[in-house]
Amino acid sequence: MLDAPSHFPALPCKPGVGYKPQHFAEIMENADPVGWLEIHAENYMGMGGRPLAQLRHLTEKFPISVHGVGLSIGGEAPLDPEHLARLKHLVSWLNPTVFSEHLAWSTHDGSYFNDLLPLPYTKATLTRVADHIDQLQNTIGRQMMLENPSSYLAFAESTWSEPDFLREVANRSGCGLLLDVNNVFVSATNLEYDPRDYIAEYPLDKVGEIHLGGHDEDEDDHGKPLLIDSHGAAIVDPVWALLDHTLELSGPRPILIEWDTDVPEWPVLANEAQRAATALTKVPAA
Amino acid sequence: MTISQTVFRAAMMDAAIDVPEGLLDGQGNPAGRRFSVYRNNVAVSLTESLETGFPVIAKLLGDANFKPIAGIYLRQSPPQAPVMMHYGADFPNFLRTFEPIKHLAYLGDVAEIELALRRAYHAADATPIAPDALAQIAPERLPAVTFTFAPAMEIVPSQWPIYDLWAYNMIEGAPKPQAIAQDVIVLRAEFDPEPHPLPPGGAAFLTAMIQGATLGDAAERATEIAEDFDLGALLGLLLSNAAITKITYEEQQ
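Quick mapping for you: the protein sequence lines, in order, are chains A and B. By this note's numbering, the letter at position 105 of the first sequence is numbered 105, and the numbering carries on one by one without gaps. Quick note, this note's numbering runs 286 ahead of the 1-based positions in the second sequence.
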């Protein structure tokens, strides 16, 4: 368990956006209604140049959330010590407001797959994930938040529900949780359950950040809908409705708009952020 | 039954291998093509990162060739670390040795330019010397100076017209490649690295300087290769692109 005070710094309960370099000038000029920014840790692991120069400017103006996409917390092998060192370096110099990572694996046997791969929810996985989070938190000297995945299939061997599994990981490791509402919608559609049941079961008191993003629509062998988390489109209405429902139960939370592929012009992204800001105004302050 | 990540990975990277048993849809039936989401995500995302990292190679090969070639490469050489800015370091060698395109012998060197541009983009920042710093040194002392170069500077030697090939595919209106050998230097004036063709002798001069030779010795090395080596022009290029970060002059005994 992390040796640190129980009160952790928090993002403001406003909309944030996933930062893209092409929006730098507009964000520095007027980011309204965006109140904070999220970066992918692995894109800022170079030695210098424009990415780090922009980040130094941004961090003077905005709270920054560092979102790791490559640590492979669910990997069977020990965490990569070199990658832990890179994360430690970034977190030390940038001193972001929060750090988050995924409930997934992405590296095996020295190869990195650039995708978030699924885990069975078993006792063995639970122990491994909690140990890895403990190791990361001790390395970077702060709490992290763990994000729920998008699921396309389930493991027959799973003995825990995903919300229960995440609660137990958080209890054991002392980590917080990042709730991706689009991922809940995608998984619920793909695995045929009610996303509201998932939200009802989720330990919302541990949620320090909400993610929203777009997904693609496909179908499986039986012609059933198969949604794919793409971060490459506008957020659909049922996901906005699920956000409203979640906020009613959780109270206000920082909400991130994620748009990573086919990234639109700034006004389109700012408009999505405005919609999140509107959703937040409907929620009484906690 | 436990599905190990070794088993999952094998089926993910090779569609000829059956989807592991014990993966289900929402009704408890075998997951079937749902597993293909992972197969696609990995192949598409790695192919796209190669396409972004090697835009000239993608153009030279054309979409119909680049995608399957990238598909073979990414299975044979997946990233070895989760830092995608470094992915493809051995892509030039793959292009040189992959039998069906071996006859396009220049591809590997063109890919080296694209790798050098990417490394330069992320290279450490360094403060260049003042543009007139060399002019401040007494002419008789110049042959004894040594330079320190910016981390973003890269040299790409080649027997092929690699600068022309790069420019023809990246700069509108650039002339058709000539049938000559071209060495290339990548320089980053501020944040955007650019390749420049080096004159004959230029690469030899710079290689010597990088290894710590004095300006006089390095220039001599260059004139052995090209009698008309224009030292002034090359120094001008270096100075106007923030390539020299330090001049060292050893006091004569």
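By construction, these hints were calculated from the structure, which means they are not laboratory data. Each hint should be verified, as a subset may be incorrect.
Using C-beta positions, here's what the derived DEER-type ranges look like [unchecked claim]:
1. B:Arg361 / A:Glu217: 26 to 34 Å
2. B:Asn379 / A:Ala200: 23 to 31 Å
3. A:Ala124 / B:Ile358: 49 to 57 Å
4. A:Pro264 / B:Ala475: 29 to 37 Å
5. A:Pro203 / B:Ser331: 29 to 37 Å
6. A:His245 / B:Asn351: 48 to 56 Å
7. B:Ser331 / A:Gln274: 44 to 52 Å
8. A:Glu60 / B:Ile496: 32 to 40 Å
9. A:Ala241 / B:Ala475: 47 to 55 Å
10. A:Gly223 / B:Lys462: 48 to 56 Å
To give a feel for the contact side, a few chain B residues facing chain A, derived at Cβ under 7 Å [claimed, not checked]:
11. Gly308
12. Leu310
13. Thr531
All C-beta atoms, glycine included, are put in the ideal place defined by N, C-alpha and C.
Hint check:
Separated by about 28 Å at the C-beta atoms, Arg361 of chain B and Glu217 of chain A satisfy the suggested range of 26 to 34 Å. Separation of Asn379 of chain B from Ala200 of chain A is about 54 Å and departs from the stated range, judged on CB atoms against 23 to 31 Å. At about 35 Å, the beta-carbon gap between Ala124 of chain A and Ile358 of chain B misses the expected band of 49 to 57 Å. Hint check: Pro264 of chain A to Ala475 of chain B, Cβ distance near 31 Å, so the stated range 29 to 37 Å holds.
Taken as a hint, the range 29 to 37 Å holds for the pair Pro203 of chain A and Ser331 of chain B, whose Cβ atoms sit roughly 31 Å apart. Taken as a hint, the range 48 to 56 Å holds for the pair His245 of chain A and Asn351 of chain B, whose Cβ atoms sit roughly 49 Å apart. For the pair Ser331 of chain B and Gln274 of chain A, the supplied restraint of 44 to 52 Å is violated, since their beta-carbon distance comes to about 30 Å. Remark: the range hint 32 to 40 Å for Glu60 of chain A to Ile496 of chain B is upheld by a beta-carbon distance near 36 Å.
A C-beta distance of roughly 50 Å is found between Ala241 of chain A and Ala475 of chain B, which places it inside the suggested range of 47 to 55 Å. As the Cβ distance of Gly223 of chain A to Lys462 of chain B is approximately 52 Å, the hint placing it in 48 to 56 Å holds. For the restraint placing Gly308 of chain B at the interface with chain A, the shortest Cβ-Cβ distance is roughly 4 Å, inside the 7 Å limit, so the hint holds. Residue-level restraint check for Leu310 of chain B holds (minimum Cβ-Cβ distance to chain A is 5 Å; threshold 7 Å).
With 7 Å as the threshold, the beta carbon of Thr531 of chain B stays out of range of chain A, its nearest partner Cβ sitting at about 13 Å, so the hint is violated.
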